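Chains as they are written, first to last, in our numbering: chain B, 68 to 393; chain E, 68 to 393; chain Z, 440 to 765; chain C, 440 to 765.
Fair warning: there could be bad hints in the mix.
Heads up, incomplete: computed chain C residues facing chain E, CB under 7 Å, no partners named [as the list claims (entries may be wrong)]:
#	residue
1	Ser-741
2	Leu-744
3	Glu-747
4	Val-748
For the record, the hints were derived by calculation from the structure and aren't laboratory data.
As the structure is a computational prediction, the values presented were derived from the model and not from experiment.
By construction, the Cβ of each residue, glycine as well, lies at the ideal position given by its N, Cα and C atoms.
This is what each chain is made of:
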Amino acid sequence: MTQNGIALPAQMRQDMLKKMLEIRAAEERIQGLFLENLVRGTTHLCIGQEACSVGVAAVLQPGDTMTCTYRGHGHALAMGMTMKALMAEMMGKASGACKGKGGSMHMTDASIGLLGANAIVGAQLPIAVGAALTSRLKKTGNITVTFFGEGAANIGAFHESLNLAAIWKLPVLFICENNLYGEYSVWSKTTPVRDIAVRASSYGIPGIVVDGQDAECVYHEVSAMAERARRGEGPALIELKTYRFRGHSRTDQAPYRPKGELEEWLKRDPILILKERMIADGQLDETEFEELRESIDRQVVEVVEWAKTEPYPPVEALYEDIYYEG
Amino acid sequence: MTQNGIALPAQMRQDMLKKMLEIRAAEERIQGLFLENLVRGTTHLCIGQEACSVGVAAVLQPGDTMTCTYRGHGHALAMGMTMKALMAEMMGKASGACKGKGGSMHMTDASIGLLGANAIVGAQLPIAVGAALTSRLKKTGNITVTFFGEGAANIGAFHESLNLAAIWKLPVLFICENNLYGEYSVWSKTTPVRDIAVRASSYGIPGIVVDGQDAECVYHEVSAMAERARRGEGPALIELKTYRFRGHSRTDQAPYRPKGELEEWLKRDPILILKERMIADGQLDETEFEELRESIDRQVVEVVEWAKTEPYPPVEALYEDIYYEG
Amino acid sequence: MIKLTYRDAVRRALADALRADENVIFFGEDVAEAGGVFKVTPGLYEEFGGERVMDTPISEEAFIGAALGAAITGMRPVAELMFADFVPVAMDQIANQIAKYRYMSGGQFIVPLTIRAAQGAGAGFGTQHSQCVESWLLNIPGIKIVVPGTVKDMYGLLRTAIDDNNPVIVLEHKVLYNYAEEIDEAELTHVPLGKAAVRRVGKDITVVATQLMMHRSLDAAERLAGEGIDCEVIDLRTMIPLDEETILESIAKTGRLVIVEEAPHAGGWGADIAALAADKGIYWLDAPVKRVNMGGALIAYSPPLEDEVVPNVSRIADAIRAVMRA
Amino acid sequence: MIKLTYRDAVRRALADALRADENVIFFGEDVAEAGGVFKVTPGLYEEFGGERVMDTPISEEAFIGAALGAAITGMRPVAELMFADFVPVAMDQIANQIAKYRYMSGGQFIVPLTIRAAQGAGAGFGTQHSQCVESWLLNIPGIKIVVPGTVKDMYGLLRTAIDDNNPVIVLEHKVLYNYAEEIDEAELTHVPLGKAAVRRVGKDITVVATQLMMHRSLDAAERLAGEGIDCEVIDLRTMIPLDEETILESIAKTGRLVIVEEAPHAGGWGADIAALAADKGIYWLDAPVKRVNMGGALIAYSPPLEDEVVPNVSRIADAIRAVMRA
Ligand SMILES: Cc1ncc(C[n+]2csc(CCOP(=O)(O)OP(=O)(O)O)c2C)c(N)n1
Ligand SMILES: Cc1ncc(C[n+]2csc(CCOP(=O)(O)OP(=O)(O)O)c2C)c(N)n1
Ligand SMILES: [Mg+2]
Ligand SMILES: [Mg+2]
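Construct all of the structure, not just a fragment, from the sequences and the given hints.
Structure (structure tokens):
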């Protein structure tokens, strides 16, 4: 694990902590909505992985873009999607990020550079490569990041995308959130190497392993690769070692986890890590933290209540947005 | 380049030399047939790469299987396809290996373990993985080899196949004939690493680079990996550095080659290398070599004349072999 | 009499097939230890062991291709693609390899493999996880396509598919997994491919449908019976081969035809049925042939949109009434 | 007047599009420096440079997906898939991403991308390199499908496709590349999508066809004119959107319909045309609607088999005569 000891400025820490709490609060509420049948189909929570979303998003600049996965609520909020757009979308409401058409697995907001969450494992990687091509051709100095799980590193699109990005020297960062499980399978059952990052050597690009529970650490390591990419030196593969505290989706209770594993990882809760560091550095105390958390929880509840009362799209919407007319 | 100094027994050398001459003679004749319009569509010659086919095939035992590419005449002959089956298939005759249905790109002979040449780049790799699965499940001790070019190492099926074979520890050898070009593109334009073999590290399997012009060397290196696979220790990626003396296909004159490159490689003609070694070891003289070459050329001409007179399949054959009835 | 669900029927068919023939193997993502994402296959791994019931990495192209390689070398693999929407990820292996392997080789191989996948809308999974895919697979000679709509058919068609010496794609409707029937266990037997079932005998109009649409068509028929319209409802059961005879006999009797598809209109399988009527059934037709389907729409996540896009009982009944009036 | 081939028309359309809009970029395997395997695109790389005309590695999923990523971020990419038979290799990006990207996002993006590929039999390329693929793509709302059959259409439809703000798949028939027309250069203009062309006006029977089959249908029509049968031949030009009006108007006049497809029967696009006739055209029909196509066959390499499988002038004429007699 790469460790980087440089503390970020207090304000950045504060922002990151707040964002992680927002993601956590939103997802806990979403789980409830799913059980209440207000969210249909499935949801994939990133509880435990918030430092990944937040640490990476903090590196991004205006014009930078992202593609991510069905486990994308955290990415979306970290990129700047509003809680309202997210919650309304979760319930399929017209005021949702995608007018209710996308749902939990497709959080998308072009206005903030979030080019789409994808429900097909690995399909978001080629799309990110194309967005980075635009940046290179238009010489914007922007980069694209794309998130995927360690399970996705076994699919063809992963390989093709890293190769294409490497040969075209595109400003794209491939960010693997290795949360140890792909659905109900521990990574070692499907992946014959310890670190996904070693696969970078197949493309002659940097591959690094980072502590994905430490938002500051994520920020520093991703920053370095982002700078490199902005300078035109090409893509990188960054593996964030992390853990999902909940099951894969919906009602999965994760019986496949070895006893005690979750408990060990709970000690490395990304919110806890940053919080304690801030307390140690005198930037936060327990009361302030609790107040922050409660106020965020209250906001989330408010937004959820608002979203519940929002209208569904009219049925004519079915036939809109298929083709662009004009 | 791995080099292995141990000379093979005289008889094996003699067999390999003969097979390489057969492949060479067959393909030179095929080029002519294409220009005469007796072979339709396209042909991909492996002239210059014969040591790869011959060195690998010499390792195989009864029950072992192979899949390969559209550049597959050499693989087919080395595996033991008869010259008649090959030439009749080239012309689409009923007595061809595939009753004329496959043609140049699909040389297949199940009776000798040749499970099919494939015209979709990379598609033969998963099929080989499945054949090796059968060997593992049936505990036959057999292995499967699959040939592909360095260009194919950039496609998703390559990645997925190596990963699956590694995780299932299957007895399959992935044999990359790196002939420096994929169609009209030099490998370095599409592949960001020097050696395809380095990609083995993404799957925790051995990856080796071998002189593909030296049939003995190919034999030794592949043997070692084959033994390992037969012992149940899993797959390997073997990169044979080679060169195609002709263009990619049909009438390609290969204008994209740097001046002098072909000439340099012609000095490393696999037939020349083995021949000179045999002469040096007193196993062959120039006259014997010329006699051998001429007698093979004559045989090829005879077979071609025979194939020309063979009947085409009846048109009813169109509707046969689509489904197995019964 | 026992009560059995469509889900149980899949599991039972797989278990019985694994018991009946030791060459049958079964693999897919999370199908073994976890029992499948739709909880269709629990217990198989425990009963048949890890050599015959295997989890795969996320690499559909590789493991579907491996099924082909295993099939042509003596196994009888069953591969699960999980959501049928992932068919495109493995499409080359299906369309260019599996369907054509026997043909290209001139009949050297049999290809006894089965692909299972769950299709259909109605469960809130959104645009990329709700599609019916049979219409993407019709124009590919060499494969068979099975669409079971009842518990007995689910069992019997899957058994026949696995025993078939040709590649068969079995599409299970995910909304039917909980659908239950009271049956006599002795009725759980093989069901032949290519034989449609007349689910309701009627004299006024022929309704052709499958799976969920077949059930809704039966409901519509009951509703219309009260209005004096006597519908004959045909369940195709297999798309390829298609039972033209049963359809034509029915049209000969009724003179009217409505086709109900869970698919977009353009290129939907219903067009083939309508085309059959317009050719061999033309002289019997007394009214326009109507298709009830998803028109030009895609499936949206939002609950009211998803509920609207899939033909429901009212829309089906309306179409039947309209054709009766014509 | 100048003499222009279908091949020239592609090149010219690309060059003019690249000149007209700097956001247009063009990439594919060996399309740049080598000018394409069908020698369709020589000179573009030299004129527009390596930033706008690019060679790709062999990785169809990645570069087709990259076209999507580039399209939604401001470029107007044209990607070449070489042989249309490779569509399945990139099928997930086409069917699940490109076609749905605008919809899933609730209309946030336009997707102005064009995919070009060469399809069709008759050149001896065998089972995996000779298919027409439009029928695999019809059941996917969100894309448009263009099948130019003349030199002017090849130019004009490709220009319109590139200018369209939706994804368009342009399928070029490889046997037509050498087909030439004498044209006035001023006639090289945009041709609208969704407008069929009546290539021959006739009163007795309507023949619907595209590309090579359209030319053969015209030949059949000339032959039949001598027998007193006056055919109207409609060239669809685009499959999606489909010009229902032109077809229905013609049937209203002739009362008879033959559809000529270069495709297997089941699931062929002709079924949609027949279904249209059986619905909106039913009262005009005086005879069965016949489809001339490849039946249940695959394309074999053997010259007489390949020549037989694709409908020829005699078979088309026979079908027309049969419908005239009915
Ligand atoms: C092509 C494809 N195959 C399978 C699936 C089903 N599936 C959804 S999530 C998932 C596991 C992915 O694991 P990983 O990449 O580690 O991401 P994580 O869910 O852990 O974030 C699978 C197999 C899919 N959506 N797409
Ligand atoms: C999926 C796919 N993409 C593209 C092609 C066209 N194609 C045929 S051969 C070839 C080059 C392959 O190069 P390499 O793998 O190095 O093999 P070589 O021909 O040099 O033996 C290409 C791009 C194809 N047949 N299949
Ligand atoms: Mg994971
Ligand atoms: Mg090569």
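Against the structure, the hints:
no.	hint	in the structure
1	Ser-741	holds, 3 Å
2	Leu-744	holds, 5 Å
3	Glu-747	holds, 5 Å
4	Val-748	holds, 6 Å
When held up to the earlier numbered hints, the structure conflicts with none and fits them all.
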